[in-house]
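Trainee: Take a look at the letters that make up each chain.
Number of protein chains: 2
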Amino acid sequence: MPKTYQTLAAEKKAQQWDKIPKAWRLPTEISISHDASNVMDILRTCGLLNETEASITSDYDATAILGQLKAGEWSVEQVTVAFCKRAAIAQQLTNCLTEIFFDDAIERAKKLDLEYHASSGGKALPPLFGLPVSLKDSFQVRGYDTSTGLGCFVGEPAGENSALAALLIDLGAVLYCKTNLPQSIMTGDSDNNIFGRTLNPRNKFLTAGGSTGGEGALLALRGSILGVGTDIGGSIRVPAVCNGVYGFRPSVGLVPHGGVRDLNPPGTDGVLSTAGPLSTSLRDCSLFLKSILQADTWKYDSTSVSVPWLDLKPKPKLRIGVALNDGVYTPSPPVRRGLKQAVDLLRDNNDIQIVPVNLPDVKLYYQDYVRYMTLSGSDVSPPDPSSATFRLTEKHYYELFARTSEPVIPSLKATGLLSLPGTTLQGFFDLNARRAEAAKTYLKLFRDNDLDAIVMPPAPHTAVPLDTWSTITYTGLWNYLDYPAIVIPVDRVRDIDSADDLSNAKFGPDDEKLYSLYTGPEQYKGAPVCIQVVGYRHKDEALVNAAAVLDSIINKI
Amino acid sequence: MPKTYQTLAAEKKAQQWDKIPKAWRLPTEISISHDASNVMDILRTCGLLNETEASITSDYDATAILGQLKAGEWSVEQVTVAFCKRAAIAQQLTNCLTEIFFDDAIERAKKLDLEYHASSGGKALPPLFGLPVSLKDSFQVRGYDTSTGLGCFVGEPAGENSALAALLIDLGAVLYCKTNLPQSIMTGDSDNNIFGRTLNPRNKFLTAGGSTGGEGALLALRGSILGVGTDIGGSIRVPAVCNGVYGFRPSVGLVPHGGVRDLNPPGTDGVLSTAGPLSTSLRDCSLFLKSILQADTWKYDSTSVSVPWLDLKPKPKLRIGVALNDGVYTPSPPVRRGLKQAVDLLRDNNDIQIVPVNLPDVKLYYQDYVRYMTLSGSDVSPPDPSSATFRLTEKHYYELFARTSEPVIPSLKATGLLSLPGTTLQGFFDLNARRAEAAKTYLKLFRDNDLDAIVMPPAPHTAVPLDTWSTITYTGLWNYLDYPAIVIPVDRVRDIDSADDLSNAKFGPDDEKLYSLYTGPEQYKGAPVCIQVVGYRHKDEALVNAAAVLDSIINKI
Chain A
1 MPKTYQTLAA EKKAQQWDKI PKAWRLPTEI SISHDASNVM DILRTCGLLN
51 ETEASITSDY DATAILGQLK AGEWSVEQVT VAFCKRAAIA QQLTNCLTEI
101 FFDDAIERAK KLDLEYHASS GGKALPPLFG LPVSLKDSFQ VRGYDTSTGL
151 GCFVGEPAGE NSALAALLID LGAVLYCKTN LPQSIMTGDS DNNIFGRTLN
201 PRNKFLTAGG STGGEGALLA LRGSILGVGT DIGGSIRVPA VCNGVYGFRP
251 SVGLVPHGGV RDLNPPGTDG VLSTAGPLST SLRDCSLFLK SILQADTWKY
301 DSTSVSVPWL DLKPKPKLRI GVALNDGVYT PSPPVRRGLK QAVDLLRDNN
351 DIQIVPVNLP DVKLYYQDYV RYMTLSGSDV SPPDPSSATF RLTEKHYYEL
401 FARTSEPVIP SLKATGLLSL PGTTLQGFFD LNARRAEAAK TYLKLFRDND
451 LDAIVMPPAP HTAVPLDTWS TITYTGLWNY LDYPAIVIPV DRVRDIDSAD
501 DLSNAKFGPD DEKLYSLYTG PEQYKGAPVC IQVVGYRHKD EALVNAAAVL
551 DSIINKI
Chain B
1 MPKTYQTLAA EKKAQQWDKI PKAWRLPTEI SISHDASNVM DILRTCGLLN
51 ETEASITSDY DATAILGQLK AGEWSVEQVT VAFCKRAAIA QQLTNCLTEI
101 FFDDAIERAK KLDLEYHASS GGKALPPLFG LPVSLKDSFQ VRGYDTSTGL
151 GCFVGEPAGE NSALAALLID LGAVLYCKTN LPQSIMTGDS DNNIFGRTLN
201 PRNKFLTAGG STGGEGALLA LRGSILGVGT DIGGSIRVPA VCNGVYGFRP
251 SVGLVPHGGV RDLNPPGTDG VLSTAGPLST SLRDCSLFLK SILQADTWKY
301 DSTSVSVPWL DLKPKPKLRI GVALNDGVYT PSPPVRRGLK QAVDLLRDNN
351 DIQIVPVNLP DVKLYYQDYV RYMTLSGSDV SPPDPSSATF RLTEKHYYEL
401 FARTSEPVIP SLKATGLLSL PGTTLQGFFD LNARRAEAAK TYLKLFRDND
451 LDAIVMPPAP HTAVPLDTWS TITYTGLWNY LDYPAIVIPV DRVRDIDSAD
501 DLSNAKFGPD DEKLYSLYTG PEQYKGAPVC IQVVGYRHKD EALVNAAAVL
551 DSIINKI
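Residue numbers (the UniProt record's numbering), protein chains in the order written: chain A, 1 to 557; chain B, 1 to 557.
Because the hints were derived from the structure by calculation, they are not lab data. Check each hint, because a few of them may be wrong.
One copy or any two copies: either way a pair holds, since identical chains are not told apart in the list.
[What the hints assert, rightly or not] When the alpha-carbon atoms are kept at most 27 Å apart in a straight line, the in silico DSS-like pairs for lysine-lysine are as follows:
no., residue 1, residue 2
1, K313, K290
2, K70, K22
3, K315, K290
4, K22, K313
5, K315, K13
6, K111, K363
7, K3, K110
8, K363, K19
9, K556, K290
10, K3, K340
11, K313, K110
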């Protein structure tokens, strides 16, 4: 008889616990059941990190750590141990990890240190030499499960690495853990029946976001300074928003996505998932993109789109479109304030020209986006096993869950994605034809305004209470169009961010309902406020360059 | 009452005739009804071209002509008139043109000449300054029909230029005519009910190929030295083979394809058409690609894939895979001989390493390719107007033909494409999933053998008798995988190319049947023999570089 999900979960959690050395375990009184809603300080106060480890993990971004590693200031082992330890603590505080392979990582680190000495002082080191990189659970790492939090996939270790994992290893990175995500990988709450829910380290009553929520929490606690997620509607950017880190959704195909497990039916087309980084600095998004685009991605992944890194010169002047909202949902008071604050700083800068823009027809396109997400349909009530629609759904959602009798998580139920009708081939072509028109409209917006980027909110709200993140119009638009987009943290919810009158929500009843979610600063304490910077399709390098300029102005870096 | 196709054809042919100045008309005894099977010499002997015009159009490729134009050796008007005149003669010999706009071209040429003088001697001239470029009829040129040879689209002049036409104009090119293609744009014979059939100038009993057959014939007669076609299964490469010119199918999206009329249902996905050049030299394929990739293609076409030109250094050594056949059809004796001759020359060169390769599973992939081509189905016997399948077919083939009561051309009937069942959304996903596996297999072939390119036949035969080109396995494979491929002419059918025993066709009855088409050198007199050079997806620049090296060795350029 197959194991139930409860048994599998218990076994998996026990394995996780075993992978954390005793010396790295928190005293029970400050473990995951702690009372504080914000655990950010515990890393500093728990006493498990020595001074050097605290400094390595606290005071440097990936670019700076690489500099230290390549200069021989720190050994790879030293850096790896520091991040493994910090990730172990983060795990105990937020439940952000899935697979833990600290032992393998430290062993690899030692080998890299030997190579370093053999190379006599840093010559010809690979671009990411010795850099610890964490991966969302859906990436395959040889020898470890890619369960994606589903009972039915537990105990099936990957036979080979995902394309990106293989590439990162070849680039010199040290992989040391994988991170949590939601059941189905399609919600804004990283919660599943095997690993449980990842908590937001800044406020455990707010969501850590999804689907790359484990990375979000891990990065916020600096248990990683470079994590990789995937994004088909906002799955990198939503957790970046919730946890206050940088998150970059590149154009599809630029970063190898081969061998990533998602629960779409094989061969599904339309809107595609893309892999990208979460980081603690904007320049680390650059570092990631540059390292990947300078490599022969095509050798790793037959679906690669070979747009190379061009070492573009920074533009002296930038024209930045500003969209205050998406015409579907009104941003909550802290989001409006954060955007205004950022745009005011940009407007004051002589090198930035602000161009107010409206985003055309987002509501219409979002409807089509949702249709793309549910091409095969998911309406199993009443189930009709003879229909092709049911066959797909059954196979790809309910059937997977049913194998170990696991229930549907609350946030997945809430999305409504499990009760939508599918479409036909003609319906799919109609979606494509409408999207082709949308692409022309947005090309015109960028071209005719001569825009280098658009600045807008990444969502109509900050992190929200658990299981209430219900819409991704602000992020999903760019997946629909396949435009690159970066989330930049600009502030936190402050006492001045009072909830205001519902009449400010001017786009109808759905908008009002969402707007009412913001109840004022108290409940949202610690929630980061972010902006989103969007570039043109395939102009990812130009986007990271422009975003770096904006970030330096807004965050005074 | 709407006009019949006969009326529309008569009107259109009369318009065409009016567009050819009297002084450029051939004496009736050497007009299109001439007896000679090969009309290549008539251009030289007809006396319509003066010495300079003959030299401009005969002795230079596009790169050289550009050099002369930019150096001020020739005026744009002079070059334009020479090519207009030569195209007019080619039209009278082979029926290769559709829309003729010599007047506009000459007017534009005069303007460019003024600009040239204003720019004081050639500084900051656009990359294709003054170069005459011909376009397949399916490209829109403002003010002219894009009938694609269908009665129902006659008399509907385009309101705007196709993306590529607009880009070429911005790059300085002079557009002067559009060229013939088959009804449906889906056969190997450029024949339709409005313009009639384009003849092969080297042998009028053999096909001029399709679907870019008008360009093929025009280029062979040097009524153009740079023409642009489209290729979804071989439509650039087949006419290149038939007419003995260079033909390059780039990866999808690199050359803007927006605003090209094809008869696929809007939103069709799967295997996509791509735009590319036909030319009289390999370096002109390079010139074309470079000029396009250095431009901001994204500004012209929202479907562009922005792979930039990198000015790659030529590789000192090349590893070239050689596939003697595709495992489906056995090449005819002249094709085998031509390939062997070319490969022998390459093998003798110290900078080339030959790697024998087999192309895996082409038969299987070709079946899927055909399914991609008929996703919406075309089985209208018995017609069922209530089904979605019929709706599409009706709209996109038969219904278009029915509007002016035009019959189906013989080569379209012969393809069988009009009587295939369509598929479902699930069937489409299954095709995608199988293709993803195929892409991995072919990535492995390229990567594990460290190949720079594959050399193989472009077809199992040369140009064949009218309406008998029935298969495109050799070219379609690369559309299926979206790999760039170039056709290089290497020889002609010679007296030594005797037909041999059917037992040489070892891949089954279909192979035997096709193999029997070759009856010996007499019937195939003048037919060019070509090779195909295939590169990896998106590595188009590397491919044109490699092909240039191979071309220089094989054709001793």
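Trainee: Does each hint hold? Answer for all of them.
Mentor: Okay, the hints, checked on the actual structure:
no.: 1; hint: K313 with K290; verdict: both (14 Å within a copy, 21 Å between copies)
no.: 2; hint: K70 with K22; verdict: neither (31 Å within a copy, 76 Å between copies)
no.: 3; hint: K315 with K290; verdict: both (18 Å within a copy, 24 Å between copies)
no.: 4; hint: K22 with K313; verdict: neither (50 Å within a copy, 56 Å between copies)
no.: 5; hint: K315 with K13; verdict: neither (50 Å within a copy, 53 Å between copies)
no.: 6; hint: K111 with K363; verdict: neither (53 Å within a copy, 47 Å between copies)
no.: 7; hint: K3 with K110; verdict: neither (38 Å within a copy, 82 Å between copies)
no.: 8; hint: K363 with K19; verdict: neither (46 Å within a copy, 50 Å between copies)
no.: 9; hint: K556 with K290; verdict: within (24 Å within a copy, 41 Å between copies)
no.: 10; hint: K3 with K340; verdict: neither (53 Å within a copy, 62 Å between copies)
no.: 11; hint: K313 with K110; verdict: neither (38 Å within a copy, 38 Å between copies)
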